[in-house]
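S.K.: Its first residue numbered 3, the sequence shown is counted upward by one per residue in the numbering used here.
Hints were generated in silico from the structure; no laboratory data involved. Computed from a prediction, not measured in an experiment: that's the story for all the values here. The beta carbon of each residue, even a glycine, is placed where N, CA and C say it ideally should be. Just to be clear, a hint being listed does not mean it is correct.
[Unchecked claim] Just the calculated beta-carbon pair ranges, DEER-fashion: (1) R88 / D138: 38 to 46 angstroms; (2) V98 / T44: 19 to 27 angstroms; (3) S94 / L66: 17 to 25 angstroms; (4) D138 / L66: 27 to 35 angstroms; (5) S58 / V95: 14 to 22 angstroms; (6) L61 / A114: 16 to 24 angstroms; (7) G116 / K140: 35 to 43 angstroms.
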Amino acid sequence: MNKGPVGAVASPASAGPLRILGVDPGLTRCGFGVVDMSGNRTAHFVDAGAAGTQASESLDARVLHIQRAMQGWVETYRPDVMAIERIFAQESVNTVIGTAHASGVVIAAAAAAGIPVAWHTPSEVKAAVTGSGRADKKSVGRMVARILELDAAPKPADAADAVALAICHGWRSGIIGTGINMGTGVQTHQGSIPSRAKGGSMTPAQRAWKAAEERSRRGK
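Start from the sequences, fold in the hints, and give me the full structure.
M.R.: This is the structure we're talking about:
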């Protein structure tokens, strides 16, 4: 976690943006990214970083390190919601198990702090920030930097992925009070977040995102 990140934007109390903590779970390296999402769907970068552990460490020590890192991000930035990547069994068994361990302690830390948790698939995140559900990590990082008007993508790549998750959640679920209706609600450990105000019209950016998501679901 950066002590004083360049370009960080404090959460304006009067404007009341939605503060989203994105988490790219992993036992070797767990990415964290915080974004403030304004009512007009403008994303503001707050901070990003990663917590890492070594394979030579005991499992309990590694899990504890990730848990404490998560608690530090929660206490420092007090997010309104956490967005985390949904686990898929496409990688090796060891990788999936390690990711599951990291996801578990991160989700538990959020639940203990009363923070709603939302899950997003990798294709949803890629489609949200690049327009293609098959984009590679470099493309995601490039678009994250462009969306947030940064000179370069947050590093390491896990941090950039975490920021992309935060952006995806803000755009996919909509912002309370804006009249945005992005379709179905997002499932959290506290139940579903309902679609935003009925009858709200979508902006061109929202329509482009929705079209990209539909293409990714069709595998195109």
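S.K.: Hint by hint, note whether the structure agrees.
M.R.: Taking the hints in turn, this is what the structure says about them:
no.: 1; hint: R88 / D138: 38 to 46 angstroms; in the structure: 19 angstroms, violated
no.: 2; hint: V98 / T44: 19 to 27 angstroms; in the structure: 36 angstroms, violated
no.: 3; hint: S94 / L66: 17 to 25 angstroms; in the structure: 24 angstroms, holds
no.: 4; hint: D138 / L66: 27 to 35 angstroms; in the structure: 33 angstroms, holds
no.: 5; hint: S58 / V95: 14 to 22 angstroms; in the structure: 20 angstroms, holds
no.: 6; hint: L61 / A114: 16 to 24 angstroms; in the structure: 21 angstroms, holds
no.: 7; hint: G116 / K140: 35 to 43 angstroms; in the structure: 36 angstroms, holds
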